[in-house]
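Number of protein chains: 2
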Amino acid sequence: MSNYCIGIDIGGTTVKCGIFKVSGELIDKWEVPTRKENAGKNILPDVAEVLKKKIVSHGLTNNDIRGIGLGVPGPVEPNGYVSVCVNLGWHKIYPAREMSALMGGTIPCKVGNDANVAALGEMWMGGGKGRNSIIAITLGTGVGGGIIIDGKIVAGAHGLGGEIGHMHMREEEKEFCNCGGRGCLEQVASATGIAREAKRNLAKSDLPSKMREFGDAITAKDVCDCAKAGDKLAIDTMETCCRYLGWNLALLAYVVDPEAFVIGGGVSKAGAYLINLIQLYFNEFTQLSANKPEIVLATLGNDAGIYGCARMVLD
Amino acid sequence: MSNYCIGIDIGGTTVKCGIFKVSGELIDKWEVPTRKENAGKNILPDVAEVLKKKIVSHGLTNNDIRGIGLGVPGPVEPNGYVSVCVNLGWHKIYPAREMSALMGGTIPCKVGNDANVAALGEMWMGGGKGRNSIIAITLGTGVGGGIIIDGKIVAGAHGLGGEIGHMHMREEEKEFCNCGGRGCLEQVASATGIAREAKRNLAKSDLPSKMREFGDAITAKDVCDCAKAGDKLAIDTMETCCRYLGWNLALLAYVVDPEAFVIGGGVSKAGAYLINLIQLYFNEFTQLSANKPEIVLATLGNDAGIYGCARMVLD
Numbered sequence: 029m030s031n032y033c034i035g036i037d038i039g040g041t042t043v044k045c046g047i048f049k050v051s052g053e054l055i056d057k058w059e060v061p062t063r064k065e066n067a068g069k070n071i072l073p074d075v076a077e078v079l080k081k082k083i084v085s086h087g088l089t090n091n092d093i094r095g096i097g098l099g100v101p102g103p104v105e106p107n108g109y110v111s112v113c114v115n116l117g118w119h120k121i122y123p124a125r126e127m128s129a130l131m132g133g134t135i136p137c138k139v140g141n142d143a144n145v146a147a148l149g150e151m152w153m154g155g156g157k158g159r160n161s162i163i164a165i166t167l168g169t170g171v172g173g174g175i176i177i178d179g180k181i182v183a184g185a186h187g188l189g190g191e192i193g194h195m196h197m198r199e200e201e202k203e204f205c206n207c208g209g210r211g212c213l214e215q216v217a218s219a220t221g222i223a224r225e226a227k228r229n230l231a232k233s234d235l236p237s238k239m240r241e242f243g244d245a246i247t248a249k250d251v252c253d254c255a256k257a258g259d260k261l262a263i264d265t266m267e268t269c270c271r272y273l274g275w276n277l278a279l280l281a282y283v284v285d286p287e288a289f290v291i292g293g294g295v296s297k298a299g300a301y302l303i304n305l306i307q308l309y310f311n312e313f314t315q316l317s318a319n320k321p322e323i324v325l326a327t328l329g330n331d332a333g334i335y336g337c338a339r340m341v342l343d
Numbered sequence: 029m030s031n032y033c034i035g036i037d038i039g040g041t042t043v044k045c046g047i048f049k050v051s052g053e054l055i056d057k058w059e060v061p062t063r064k065e066n067a068g069k070n071i072l073p074d075v076a077e078v079l080k081k082k083i084v085s086h087g088l089t090n091n092d093i094r095g096i097g098l099g100v101p102g103p104v105e106p107n108g109y110v111s112v113c114v115n116l117g118w119h120k121i122y123p124a125r126e127m128s129a130l131m132g133g134t135i136p137c138k139v140g141n142d143a144n145v146a147a148l149g150e151m152w153m154g155g156g157k158g159r160n161s162i163i164a165i166t167l168g169t170g171v172g173g174g175i176i177i178d179g180k181i182v183a184g185a186h187g188l189g190g191e192i193g194h195m196h197m198r199e200e201e202k203e204f205c206n207c208g209g210r211g212c213l214e215q216v217a218s219a220t221g222i223a224r225e226a227k228r229n230l231a232k233s234d235l236p237s238k239m240r241e242f243g244d245a246i247t248a249k250d251v252c253d254c255a256k257a258g259d260k261l262a263i264d265t266m267e268t269c270c271r272y273l274g275w276n277l278a279l280l281a282y283v284v285d286p287e288a289f290v291i292g293g294g295v296s297k298a299g300a301y302l303i304n305l306i307q308l309y310f311n312e313f314t315q316l317s318a319n320k321p322e323i324v325l326a327t328l329g330n331d332a333g334i335y336g337c338a339r340m341v342l343d
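From first to last, the protein sequence lines stand for chains A and B. Be aware that the first sequence starts at 29, since it is given in our numbering, and climbs by one per residue. Be aware that the second sequence starts at 29, since it is given in our numbering, and climbs by one per residue.
Isolated chain A (complex conformation):
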């Protein structure tokens, strides 16, 4: 019996790796630097070299491994093809096939987009544990999303599934988003977006605010901390940002209606304060039904990716 599975979450700086029991127990994790030079040709061999030693060090053989899941920071086609992955230097590659060959050709490998597999991880052993359909939302530098319905990732027919950060929400926004659009969710609800909103509010107000002490370097965490401490302008800022998030979750509820939303990323460290504020606006925009998705915090942090990669090979 193959009772172990392996998750490999490939980021632009490091590759996070983990060995799991198929029950979901993490038995070892480590990182390998991501060597992006030479079109990223060293990335998978570097990972495989360490992985082989790790398997042996745990007294295991390839026969004990049910599969290896890979997460990559970019679009993955349904057949596992990666046309281009800017953050890794990859072009026209089938990463799962290459990984399988590097490991001797006997271990099944799968590949998925990193935001999607992180959602799967949170469903397996994180904030969404025990549920079968969730939407995971990551509030970091941008806003990422991963959609799981009936235990399966919804990647979409053109790789756009779960790209919720670019949903147009704010009609009056004048600045452009990286995507070329204007008024995208991530322009107002990412860590970057929250800090920017705070700076805008400070600039157009004469009110005293503790936020002024941080100057241009103010972060989303500073804004959250000031809001929790009762700072009026910080509260206004968080209310604006969380209203867009609550509205967005309401939109998602009326489309796929998951069992729960699982909120992660740096901004989610604001905890219950953030969730309660999002919940308030979510309720306002979902009047059709009293019975609706829950909103919970993610629990796996940066490990969500390796959990999800490992879970991916269990289907």
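Intra- or inter-copy, both count: the list cannot distinguish identical chains.
When the alpha-carbon atoms are kept at most 20 Å apart in a straight line, the in silico SDA-like pairs for lysine to any residue are as follows: (1) LYS120 / PRO106; (2) LYS202 / ARG271; (3) LYS80 / ASN90; (4) LYS249 / LYS297; (5) LYS320 / GLY108; (6) LYS320 / GLY208; (7) LYS49 / PRO136; (8) LYS180 / ASN160; (9) LYS120 / ALA318; (10) LYS238 / ASP250; (11) LYS120 / SER317; (12) LYS180 / ARG159; (13) LYS82 / GLY52; (14) LYS320 / GLU105; (15) LYS157 / HIS186; (16) LYS81 / LEU54; (17) LYS320 / SER111.
Please keep in mind that the hints were generated in silico from the structure rather than gathered at the bench.
Since the structure of chain A is provided, determine the placement of chain B on it from the hints.
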């Protein structure tokens, strides 16, 4: 071999019924009045009585029928339970179990929400034919939606899947929607919503407009016809409504990213004019990717429900 399947689309006024070959060919269709009195207890027996005769008249027996699919105008729980269906007078009923018993207990029956099964019908033999994931949008009195991913209906964990008519879109809306919210898509993009928008535009403008001839009885069709004929206020109205539709489709593309959107309902009779206008705004709000879902017209009209009901039993 059971080479036939049956679709029963139960509406508030009539029950539409069809016998299909499993290939998708419709071989007979008929209607039965919906008797809502007595808590709707006669509806299924009425349907069964006619259906038995129809099966015989086509030289078939129950053994030739692979299954019977029922569509009901209200929420259906995953186990087939209907807690309440206002339009039929039903309370606490398992319609598929009852139908199966009425037909002798040997034919498998399934039940689904009517908007969802209509989407399945359009995917099977309509505007979405040949595709595996579509979102069907019905622009009628309200705005209905049905979401199909990998050939399966996404009904949602609380029956809210595909309730796109109640997605909040218009921040400045002052009137309330039936759902208790404000600024729902169907307030501006349903047939009712388009007519209302036209009346608002006429009231606040001094421009001459052919739309004025219709007075308070103006319909969405009148607005579309005037717009096609070059009437300035009618064009403005259609641009506003179609901008919300294009924006909404962009939101849906960034959530589930179907292969295609299939637009049906009375408003869709405006044809290419409507689709082209929606497409214009859809492109504006989906700048992330040149590769995106198509927007096509539904083709089955009022028969989409019976097609979808019949298709439901083939899985």
